[in-house]
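For reference, the chains in residue letters:
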Amino acid sequence: MNSQLLWLIPTLPFAGFLTNGTLGRRLPRAAVAAIALLFTLAPALIVARLWSYMQSVGGPLTLSVSSRPWIAVSGFSVNFAFTVDHLTLIMLGVVTGVGFLIHLYSVGYMEHEEGYWRFFAYLNLFMFFMLVLVLSSSFLLLFVGWEGVGLASYLLIGFYFTKDSAANAGKKAFIVNRIGDFGFLLAMFLLIQHYGSLSFDSVFSQISATQLSGGFLTAIALLLVLGATGKSAQIPLYIWLPDAMEGPTPVSALIHAATMVTAGVYMIARCHVLFDHAPAALTVVAIIGALTALLAATIGMVQHDIKRVLAYSTISQLGYMFLACGVGAYSAGIFHLMTHAFFKALLFLAAGSVIHALGGEQDMRRMGGLRTRIPITFWTMTSGVFAIAGIYPFAGFFSKDEILYQVFHHGGALYILLWLVGLATAGLTSFYMFRLWFKTFFGESRFDTHSEPDHGAAVHARRDTTLVMESEPEPHGVHESPPVMTFPLVVLGVLSVTGGWVGIPFVLGGSNEIEHFLRPVFHPFPALEVPFVPELVSGGATEVILALISLLTAAAGFYFAWLLYYRKPGEATRIANSSNTTRFAYRLLDHKYWVDEIYQRGIVTPLLAISRVLLNGLVDTGIVQGSAWALTEGTGGLGWLVRRVQSGNIRSYAGWLALGAACVIVIVLFGHHPLLH
Amino acid sequence: MVPTAYYLVLAGVLFCIGIAAFLMKRNIITIFMSIELMLNAVNLTFVAFAHMWHQVSGQIFVFFVMVVAAAEAAVGLAIIIALFRVRQTLNVDQVNLLKN
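Which chain is which? The protein sequence lines are V and H, in order.
In terms of our numbering, the first sequence has 412 at position 412, counting the first letter as 1, and numbering is strictly consecutive.
For our numbering, count along the second sequence from 1 and bump the result up by 1000.
No lab work stands behind these hints: they were computed from the structure.
Careful: at least some of the hints might be erroneous.
[Said to hold, decoys possible] Label-pair distances were calculated between CB atoms; the ranges are:
#, chain 1, residue 1, chain 2, residue 2, range
1, H, 1036, V, 663, 22 to 32 Å
2, H, 1005, V, 633, 54 to 64 Å
3, H, 1036, V, 638, 37 to 47 Å
We treat Cβ as the ideally placed atom computed from N, Cα and C, and that holds for glycine.
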């Protein structure tokens, strides 16, 4: 296998971006879609080829390519270099596979939208940067991809840029991410200072060579965690992700569920050597993950917008992945990352299909009874809901269970507490997902087709904007999406069922292949580690019991959702209004703990005030503008004075001349006079 | 024999009359004549010094000045005529088009 092929993987989507970005405006829609699909299918095929090659070789293997130095300054140099190991391979598979399916879905979903070419150009650009991110073998190139996906995310959130809320959401995402990127940058500076290199190999081998831990390693790790909390929407920087739902639904599925937001988890897993030497930072990661998981799940319980529920659910699931990384169970985190990419992409796409069917309706209060009317969407979404709720044997069950087991197994009171938090979150997840399921597909239809007489012109997203819609009339009423949209749904639906089977633990009769697969990455020196016979002997019974507990929790979530939203609809509202305490609790959740407001009051407003008064008022207007003004006015004033001399009157010139001559004579005659010295 | 100083004083007086006329007169032809007066005052000093030092170069220099003054008169009068054709005036106070 020629490793130079690796260059092609990111370059192809970039070529697609360039083609669609420059020529797309003049091409017909079919051509734009064909280009975008071709340039995402090709890397997926290369990855498949790579996958089969790695399988055929067996044992641990890494492929690397490297260019000549990209940046070379005295003693420090970085190349364009890509490396593929088993971790990268999983990420590549997820990104190209899910990415291609979502591209395919978008062809149908975006059919009636303005800016079709722009959308696909941005999607391809995103694929390019995401692939650079996962392939890179140095912090710097990873950072390039990291920033690049942020850019693509900004562009796509603000895709409907004439809509104020979308433009603001894009800015919010970008600025909040900037805070995280700042941490990442500082971490890179520290790495350069201490190790003189940014390549993974060099840094990690130096770290493992010294038995040092703590100190500046913890500082570097914490700064990287700050970066990860920005990109992966964790406390305290998670606030941008719910707003990011302003973008088109395929974007939410691809960028804000399946791939980009998992970059933080990937980065932590990639830097596991560093984190293993900074246990304090790992504890922080675990706590952040557990808290975020719980917080987002509680908010998700009361949201009405179907996409917002999924957004908070994404934050919550990302919290699980952080929790896994925080207890050193990186392969469990990556496992959950993979299954989450399947079922969350599916859920978003199915939600998109529901929205599409209802002509742009996103509010679950105006859905209901859609089970029979959009059956493919219903059945695929069902598999996604069961997967995320952690029902056996769907994908989410195995990955979530693995994480909970690893947290419990890690030992210590703190981790038992974190396990409880994780378990509670699992119950809440099951509750709000089944709430969504019941409210959308069961009960009587609350969707009023007559409320939107201009149905054909109101497809997809709520729009109160000037975006011109294609006015091709659609059949009135609820309708199933075209095959180009349902096909990705079916594929992802199958993956949501089967995706977890690569990680069935020993005790349930599986072989936990994924951990075995990732073992060379996370435990590179098998001689130094415990041999690979983990839970079979040590905690088989514990694991079964834990699995049963989490299954029961999920079932409880299902039961309550069934009770409140199917059996007795309206009961939830009654409970919320039953007493002051519950009313307050509901308000607290409905307003998302007022976190946005607190940030607004506590950070944004003071910052704006400081900027206005100090930076704009004093520095910019006072000093910068003031000095420029003084300079011009001074010059002008001087000119005004001197201009008096230039009167245009020949006799005045003659007078000046005579005066000058007189002065010269005086100086010549009396130049040596003591009075003049 | 007349002392050199007499010549120099005469030249100085002539020169000052020239300057005064130059500054005070408004008619451009008069101004022109005052310039000639100053030039001749200078010529007088040249001749006086040449006589005093018994050097011929001063007298030769006077010829140069005369030639240049003749050329200058030719050009200057031409300019004055051109100016008069355009402005219908010889008053220099009204010839200030370049101002502003």
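* Asked: Could one say that the CB atoms of residue 1036 of chain H and residue 663 of chain V fall in the range 22 to 32 Å?
  -> holds, 25 Å
* Taking the beta carbons of residue 1036 of chain H and residue 638 of chain V, is their distance inside 37 to 47 Å? -> Holds, since residue 1036 of chain H and residue 638 of chain V (Cβ atoms, about 39 Å apart) stay within the stated range.
* Should the hint that residue 1005 of chain H and residue 633 of chain V are 54 to 64 Å apart at their CB atoms be regarded as holding? -> For residue 633 of chain V against residue 1005 of chain H, whose Cβ atoms are near 56 Å apart, the range 54 to 64 Å holds.
When held up to the earlier numbered hints, the structure conflicts with none and fits them all.
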